[in-house]
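Q: Each protein sequence line maps, in turn, to chains Z and G.
Counting the first sequence from 1 gives a position; my numbering is that position plus 59.
Counting the second sequence from 1 gives a position; my numbering is that position plus 183.
The hints are simulated quantities; they were obtained by calculation from the structure and are not laboratory data.
You may find that some hints are simply not true.
Okay, derived cross-link-like pairs now, DMTMM-like style, lysine to aspartate or glutamate, Cα gap no bigger than 25 angstroms in a straight line [unchecked claim]:
id	chain 1	residue 1	chain 2	residue 2
1	G	K787	Z	E132
2	Z	K220	G	E453
3	G	K787	Z	D227
4	Z	K325	Z	D227
5	Z	K130	G	E789
6	G	K790	Z	E318
7	G	K732	Z	D128
8	G	K787	Z	E136
9	Z	K298	G	E724
10	G	K732	Z	E136
11	Z	K313	Z	D137
12	G	K787	Z	E141
13	G	K790	Z	E334
14	Z	K130	G	E459
15	Z	K138	G	E459
16	Z	K313	Z	D206
17	Z	K134	G	E782
18	Z	K220	Z	E141
19	G	K728	Z	D128
20	Z	K175	G	E724
21	Z	K328	G	E724
22	G	K650	G	E724
So you can see what is in the structure, the chains are spelled out below.
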Amino acid sequence: MFVAIIFFLIIIASVIFHIWSPWWWTPVASNWGNIDSTIELTFWITGSVFVAVCSFMSYCVWRYRYRPDRKAEYKPEDKKLEIRLTALTALGVIALLAPGLVVWNKYVTVPENALKIEVVAYQWGWNYRLPGDDGILGTTNISLINDENPYGLNPEDPNSKDDIIVMDADLHLELNQPVKVELRSYDVLHNFYVPQFRAKMDTLPGIVTFYWFTPTRTGDFEVLCAEYCGTGHYAMRGKVLVDEKTDYTNWLAKQITHEKMLAQNKENKKLLIAEIKN
Amino acid sequence: MDEENNNSKIETKAADSSSGSYVTPANSTPVSEIPEQELYHAKSFWTRWVFCQDAKVIGVQYALTATAVGLIGLVLSWGMRLQLGFPETFSFLGPATYYQSVTMHGMIMVVYLLTALFLGGFGNYLIPLMVGARDMVFPYLNMVSFWMFLIAVLVLISSFFVPGGPTGAGWTLYPPQAILPGTPGSEMGIVLMLVSLSLFVIGFTMGGLNYVITILQARTRGMTLMRMPLTIWGIFTATVLALLAFPALFVACIMMTLDNLLGTSFFMPEIFTMGEQLGTTGGSPILFQHLFWFFGHPEVYIVALPAFGIVSDLISVHARKNIFGYRMMVWAIVIIGALSFVVWAHHMYVSGMNPYFGFFFATTTLIIAVPTAIKVYNWVLTLWRGNIHLTIPMLFSLGFIVTFVNGGITGLFLGNVIIDIPLSDTYFVVAHFHMVMGIAPLMVIFGAIYHWFPLISGRHLNQTLGKIHFWISFVGAYAIYFPMHYLGFIGVPRRYYEMYDSPYMTTGVGLNQFITVAALIVGFTQILFLYNIIHSAFYGEKSEKNPWKANSLEWHTPEMPPAHGNFGKDLPVVYRWPYDFSVPGIDREYIPQHVSPSEVPTAKVEKT
Numbered sequence: 060m061f062v063a064i065i066f067f068l069i070i071i072a073s074v075i076f077h078i079w080s081p082w083w084w085t086p087v088a089s090n091w092g093n094i095d096s097t098i099e100l101t102f103w104i105t106g107s108v109f110v111a112v113c114s115f116m117s118y119c120v121w122r123y124r125y126r127p128d129r130k131a132e133y134k135p136e137d138k139k140l141e142i143r144l145t146a147l148t149a150l151g152v153i154a155l156l157a158p159g160l161v162v163w164n165k166y167v168t169v170p171e172n173a174l175k176i177e178v179v180a181y182q183w184g185w186n187y188r189l190p191g192d193d194g195i196l197g198t199t200n201i202s203l204i205n206d207e208n209p210y211g212l213n214p215e216d217p218n219s220k221d222d223i224i225v226m227d228a229d230l231h232l233e234l235n236q237p238v239k240v241e242l243r244s245y246d247v248l249h250n251f252y253v254p255q256f257r258a259k260m261d262t263l264p265g266i267v268t269f270y271w272f273t274p275t276r277t278g279d280f281e282v283l284c285a286e287y288c289g290t291g292h293y294a295m296r297g298k299v300l301v302d303e304k305t306d307y308t309n310w311l312a313k314q315i316t317h318e319k320m321l322a323q324n325k326e327n328k329k330l331l332i333a334e335i336k337n
Numbered sequence: 184m185d186e187e188n189n190n191s192k193i194e195t196k197a198a199d200s201s202s203g204s205y206v207t208p209a210n211s212t213p214v215s216e217i218p219e220q221e222l223y224h225a226k227s228f229w230t231r232w233v234f235c236q237d238a239k240v241i242g243v244q245y246a247l248t249a250t251a252v253g254l255i256g257l258v259l260s261w262g263m264r265l266q267l268g269f270p271e272t273f274s275f276l277g278p279a280t281y282y283q284s285v286t287m288h289g290m291i292m293v294v295y296l297l298t299a300l301f302l303g304g305f306g307n308y309l310i311p312l313m314v315g316a317r318d319m320v321f322p323y324l325n326m327v328s329f330w331m332f333l334i335a336v337l338v339l340i341s342s343f344f345v346p347g348g349p350t351g352a353g354w355t356l357y358p359p360q361a362i363l364p365g366t367p368g369s370e371m372g373i374v375l376m377l378v379s380l381s382l383f384v385i386g387f388t389m390g391g392l393n394y395v396i397t398i399l400q401a402r403t404r405g406m407t408l409m410r411m412p413l414t415i416w417g418i419f420t421a422t423v424l425a426l427l428a429f430p431a432l433f434v435a436c437i438m439m440t441l442d443n444l445l446g447t448s449f450f451m452p453e454i455f456t457m458g459e460q461l462g463t464t465g466g467s468p469i470l471f472q473h474l475f476w477f478f479g480h481p482e483v484y485i486v487a488l489p490a491f492g493i494v495s496d497l498i499s500v501h502a503r504k505n506i507f508g509y510r511m512m513v514w515a516i517v518i519i520g521a522l523s524f525v526v527w528a529h530h531m532y533v534s535g536m537n538p539y540f541g542f543f544f545a546t547t548t549l550i551i552a553v554p555t556a557i558k559v560y561n562w563v564l565t566l567w568r569g570n571i572h573l574t575i576p577m578l579f580s581l582g583f584i585v586t587f588v589n590g591g592i593t594g595l596f597l598g599n600v601i602i603d604i605p606l607s608d609t610y611f612v613v614a615h616f617h618m619v620m621g622i623a624p625l626m627v628i629f630g631a632i633y634h635w636f637p638l639i640s641g642r643h644l645n646q647t648l649g650k651i652h653f654w655i656s657f658v659g660a661y662a663i664y665f666p667m668h669y670l671g672f673i674g675v676p677r678r679y680y681e682m683y684d685s686p687y688m689t690t691g692v693g694l695n696q697f698i699t700v701a702a703l704i705v706g707f708t709q710i711l712f713l714y715n716i717i718h719s720a721f722y723g724e725k726s727e728k729n730p731w732k733a734n735s736l737e738w739h740t741p742e743m744p745p746a747h748g749n750f751g752k753d754l755p756v757v758y759r760w761p762y763d764f765s766v767p768g769i770d771r772e773y774i775p776q777h778v779s780p781s782e783v784p785t786a787k788v789e790k791t
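Work out the full structure: start from the sequences and follow the hints.
A: See the structure below:
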């Protein structure tokens, strides 16, 4: 009796906790609101299975608790019941999987008007690169990285000249402009994750990974590294600021292109060498 | 030796059994085809208790070693929880130590505690007894298996004492960070971890071959595969999985050791770190992840399948009812085992692998829910119309059902690729896998220990302490991990040393403190359990033979605890499955496996 009641209470408490939990999603700030609705659907289906199975278990514990005069039923199999339960479960699984795969298909299909930007991860911080007027990011190579060319951009590639370099942890994005984030890492695995955007993907040395989203709300959003990357992992933060068009254009105008940065770096180096000689 | 002599022995035996005291139904019990194995009988203290070839002693050795190292894992978790719950009050862990604790806790619990305890511990103790064999088929190899395991454990522990300390790469050991200086323990720690894992795999392979061959070849007469207790089916399938999956871990360990010590580039692409080019080229970090999870996912089932099997037997015995849908249960175990090899990349949805893999792996992963759900239905349907004794093993089995269903359904979230995108690498994942492969299997381990302790020691564990242990462990663990999912919804990432300065995450502070307090209470309750074991082993209430009135062979040995060789002069002959409880038509409540139909002529049993 006591045991069955406690088990039942745990189930009730779980449901109440879920309904009244103050701990829940931050309001979504991207087009991936349908991920949230897929989760809602999954909650309904799996939650009812949990409540049904565990309540039934508690009921059995109460109803068929030991009595000396009771004899358990002897029934090794019930084919019909087993087939029915299997079919029902299969239906439930299809109901979970099908909408999930539809949304996943959207997630991996980047729209054509998406602005390609690059996020660069290193131990332990974030930098960014925007494509400039031509809309194309110049090619890169890890082996080209040095003090003058910190991003390892290919100087032979004409597309790299007007690339805009954001050597800062803050990235600005324009409201309602789809972006394709191309992720690159210099050293180890990282993961570019803004909880409010719901999207994430690892960055790896050696390959470029990507995902896309459309910011749908202005504001400041914290970037968290979501793939363990060494002792400084927890401190690897950045910020994404979603701006209205005018604010965004103002910010963009203040950034420098790769060509300019290379020239500046060369100049600085000359000055430095001259200083040392003197 | 002389073959003739052997042959004549077999014939005598065959003649014996057909004209013996029991009447053999013509088609059900074939005569013995091979002579019994000769056992090495220990002559000294050393060969009896230390370098012992008796699978039962080896099982206990495995269990004790695994428990000892598991306690280290438990203590490490306290340090982590104090840091997460009360970072200002308890600031004794720095970030490096925190990450080393995370790593060692994870690896110890998954491999050195759970795998070793289920397969090495319960496997060794139960397989020969339950299938009606005198011992494992290769007793000497079995002994070597344990000593390899012990060496692996010692190498692992030694990494706490080398310069730089143990590795802090996370239990997944992802390169390149695992072997680069930005990660704690990247000097000797990671090498010792990789060596220890390699030794573990070598030792396990010896044991694993033993378990599989014993189950396939050394079953007593009449013990058909479809009459084996589900415990044996679970351990058997899990061992097959382990024999196929561990080699992937083994090669990954060897390759990473080479990358680390000889400067090869299996997993290392071009890398620019700490202001310089590393000089590696052409390797792939994702390759390691594929190898790791090709092992890592079956590993989940290597832990889960023995738990599934054992809990089926516990529920059936203590509800005095046959397990519902035995054949379906067997097939579900086998199908889950097979499917577990084609779902591994669901751990890698955000790894940067080809995104189209997501469609395939989400589908296979959710399909695995069907046989798993069938098992859950059959457990509760076994309770239905049973006569449920609320013994401690039964309580733990009920605790298992609740935690496993809970942890299983959150797996449906994470397996569905698009839902995994926001949830991966958050506390939702931490809560999910602790619930489903930490707490649920532990519930079974505890239940199994309370169940088989009388067989091992001849004494009962203290019931009152046992009930306290159950309620605090079960309710406490549920209170730790159920709310933890909701931290994941907020977006709190896992493996963060500290983080509650983000405005929307400060809401999680109170919850984290609650979890820490609950974790400490549950942790300290395990001391009560250990006390109970040690005390009861010497002073516990003496148990009569077969105290739970079970049917499987291990309870029907001539002596209890069973002696070396298990079954006295003659091996038992099996006539039925181990689930003939409450059979209609007769007075006795249960019919052990070795009772022939002629002894219970009126029993209306179904053919098994």
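Q: For each hint, tell me whether it holds in the structure or not.
A: Hints, verified against the model:
no.: 1; hint: K787/G / E132/Z; in the structure: 12 angstroms, holds
no.: 2; hint: K220/Z / E453/G; in the structure: 24 angstroms, holds
no.: 3; hint: K787/G / D227/Z; in the structure: 79 angstroms, violated
no.: 4; hint: K325/Z / D227/Z; in the structure: 20 angstroms, holds
no.: 5; hint: K130/Z / E789/G; in the structure: 17 angstroms, holds
no.: 6; hint: K790/G / E318/Z; in the structure: 84 angstroms, violated
no.: 7; hint: K732/G / D128/Z; in the structure: 17 angstroms, holds
no.: 8; hint: K787/G / E136/Z; in the structure: 15 angstroms, holds
no.: 9; hint: K298/Z / E724/G; in the structure: 64 angstroms, violated
no.: 10; hint: K732/G / E136/Z; in the structure: 22 angstroms, holds
no.: 11; hint: K313/Z / D137/Z; in the structure: 74 angstroms, violated
no.: 12; hint: K787/G / E141/Z; in the structure: 23 angstroms, holds
no.: 13; hint: K790/G / E334/Z; in the structure: 96 angstroms, violated
no.: 14; hint: K130/Z / E459/G; in the structure: 76 angstroms, violated
no.: 15; hint: K138/Z / E459/G; in the structure: 67 angstroms, violated
no.: 16; hint: K313/Z / D206/Z; in the structure: 22 angstroms, holds
no.: 17; hint: K134/Z / E782/G; in the structure: 21 angstroms, holds
no.: 18; hint: K220/Z / E141/Z; in the structure: 67 angstroms, violated
no.: 19; hint: K728/G / D128/Z; in the structure: 24 angstroms, holds
no.: 20; hint: K175/Z / E724/G; in the structure: 73 angstroms, violated
no.: 21; hint: K328/Z / E724/G; in the structure: 84 angstroms, violated
no.: 22; hint: K650/G / E724/G; in the structure: 16 angstroms, holds
Checked against the numbered hints above, the structure breaks hints 3, 6, 9, 11, 13, 14, 15, 18, 20 and 21 and satisfies the rest.
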